[in-house]
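Visitor: Turn these sequences into a full structure, and let the hints guide you.
Number of protein chains: 2
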Amino acid sequence: MNKAELFEQIKRKSSFLCVGLDTDLSKIPSDLLKLEDPVFEFNKQIIDATAEYAVAYKPNIAFYEALGPKGWESLQKTLDYIPKDIFTIADAKRGDIGNTSGLYAKAFFESMDFDSVTVAPYMGVDSVQPFLEFQDKWVILLALTSNAGSSDFQLIESKSGKPLFHEVLEKSQLWGNTDNMMYVVGATRGELIAEVRKLVPDHFFLVPGVGAQGGSLEEVAQYGMNDTCGLLVNSSRGIIYASQKMDFASAAKREAEKLQLEMASLLEQYCR
Amino acid sequence: MNKAELFEQIKRKSSFLCVGLDTDLSKIPSDLLKLEDPVFEFNKQIIDATAEYAVAYKPNIAFYEALGPKGWESLQKTLDYIPKDIFTIADAKRGDIGNTSGLYAKAFFESMDFDSVTVAPYMGVDSVQPFLEFQDKWVILLALTSNAGSSDFQLIESKSGKPLFHEVLEKSQLWGNTDNMMYVVGATRGELIAEVRKLVPDHFFLVPGVGAQGGSLEEVAQYGMNDTCGLLVNSSRGIIYASQKMDFASAAKREAEKLQLEMASLLEQYCR
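Residue numbers (my numbering), protein chains in the order written: chain A, 6 to 277; chain B, 6 to 277.
Take these hints with a grain of salt, some might be off.
The list cannot tell twin chains apart, which means a pair is met if one copy fits it or any two copies do.
Pairs of lysine-lysine, BS3-like flavour, derived with a Cα cap of 25 Å [claimed, not checked]:
id : residue 1 : residue 2
1  : Lys32     : Lys16
2  : Lys75     : Lys49
3  : Lys111    : Lys164
4  : Lys111    : Lys32
5  : Lys176    : Lys164
6  : Lys39     : Lys111
Keep in mind the hints are simulated off the structure, nothing from the lab.
Guide: In structure tokens:
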């Protein structure tokens with residue numbers, strides 16, 4: 006999916022919601038555990054309930070990998086079930102030396118058919134480049150994450166006074182373009198979003214950390230939105246575990262709709 | 006496996022060789038492709054041929070992940086086949102926010118039973134900590150990698166004059182100890198190994214980049230060895246693809262033995 010198609014979908018649904026499919030056997034209703042593939046069954050119902058409000062789905066790969074080969078099958082089935090006009094993100098945080106990153110790219114873009122994959126920047130250009138060689142596929146590069154440990158290295162200032170995540174944003178803009186690169190920008194640090202938007206005016210940001218991780222949607226939109234929206238805001242637990250009983254799908258639908266309504270008004274206000 | 010057991014094995018075999026199982030269907034003899042599980046069959050023969058010279062095996066997970074669920078099965082079978090007294094490394098370069106890193110840890114340490122996993126430091130302490138909570142398991146943290154892009158961020162100097170990889174080495178020594186943390190230190194930058202050893206006197210280093218990636222084993226030992234060896238030096242392609250014909254196992258054996266003999270004399274000279 007290219008940027009124009011993504012923005013088209015955002016306008017059509019008045020939403021920039023990404024639903025995180027962090028599906029955890031210990032958190033889904035126990036009645037589902039009797040089924041042959043509880044993870045897929047849960048995801049299927051979540052997708053059915055939220056597809057009209059979501060422009061992207063983001064399975065975090067750790068949840069599937071932890072289940073062994075069966076987990077990868079659930080992931081593939083989930084990906085196949087997501088409507089084709091919705092953007093898909095393999096939240097895998099991969100990255101390795103050149104030829105090896107190429108294999109990860111192959112895994113997520115060819116064997117599976119994700120639109121994008123999250124990539125860690127530590128190993129530099131040749132760990133990212135192989136992912137950029139696929140037509141209409143995206144790298145979503147970690148820049149500023151939303152976890153406590155993000156300050157350990159991402160905020161270290163270089164001699165020239167720039168925190169590391171600035172260096173990542175600046176350098177990597179030379180590797181990709183606004184049609185194949187997005188950035189992970191943590192929303193729990195609202196004050197930093199304006200700073201990042203200044204450095205990266207036109208790229209999309211994937212913003213985790215709204216909801217359970219505690220960021221403010223209003224602030225993200227105010228400081229982060231650009232004229233093609235430029236934001237995918239993720240909510241995982243707040244939606245998929247809105248209820249842990251068998252009404253989880255309708256509860257998820259309610260939460261997704263609530264966010265979408267807020268997003269519609271924020272798009273009205275800030276996307277121009 | 007703990008550090009004492011690892012060093013015991015190093016002394017017994019007079020070797021600090023790690024064999025990288027980067028098994029690629031396009032590079033293994035085509036006769037194997039007729040078999041039901043060519044990847045496992047190749048690995049099995051490589052392990053049989055090299056186990057007396059190797060103290061560690063390191064499958065790079067990308068090669069298996071690229072094959073889908075079947076690849077994970079080949080990986081599991083390979084892991085099960087490796088003799089129990091040999092150290093195993095899941096070269097996965099994972100790292101995510103706390104609870105999610107915990108799932109990756111579970112995948113590699115519980116679902117599978119690897120001794121160690123390589124982890125990327127960009128997300129900081131809470132992305133690494135969950136891996137350190139497993140008894141007798143190891144994090145091998147990326148510090149200085151051997152690829153061209155390593156200079157993009159790892160060598161950026163902070164205000165205090167330290168390159169980023171120094172910050173990683175310093176901070177992370179507070180998270181783990183010499184019994185549960187090792188570092189990836191690229192051997193193609195021989196001049197830097199002494200510098201790293203000074204900062205981290207007692208930890209083991211996993212050194213990629215000897216052989217196909219071009220580092221010198223002699224230099225690595227001279228500058229990197231400590232009184233418990235402190236080194237695992239990896240060779241992948243140089244061993245496993247020494248021949249691409251059906252004599253690949255005996256060719257691998259020859260290459261592994263050659264390295265082991267060199268290592269025996271380096272241990273004699275520098276491990277004290």
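Visitor: Hint by hint, say whether it matches the structure.
Guide: Going through the hints against the structure:
no.: 1; hint: Lys32 with Lys16; in the structure: neither (33 Å within a copy, 47 Å between copies)
no.: 2; hint: Lys75 with Lys49; in the structure: both (16 Å within a copy, 24 Å between copies)
no.: 3; hint: Lys111 with Lys164; in the structure: neither (38 Å within a copy, 39 Å between copies)
no.: 4; hint: Lys111 with Lys32; in the structure: between (31 Å within a copy, 16 Å between copies)
no.: 5; hint: Lys176 with Lys164; in the structure: both (16 Å within a copy, 19 Å between copies)
no.: 6; hint: Lys39 with Lys111; in the structure: between (34 Å within a copy, 23 Å between copies)
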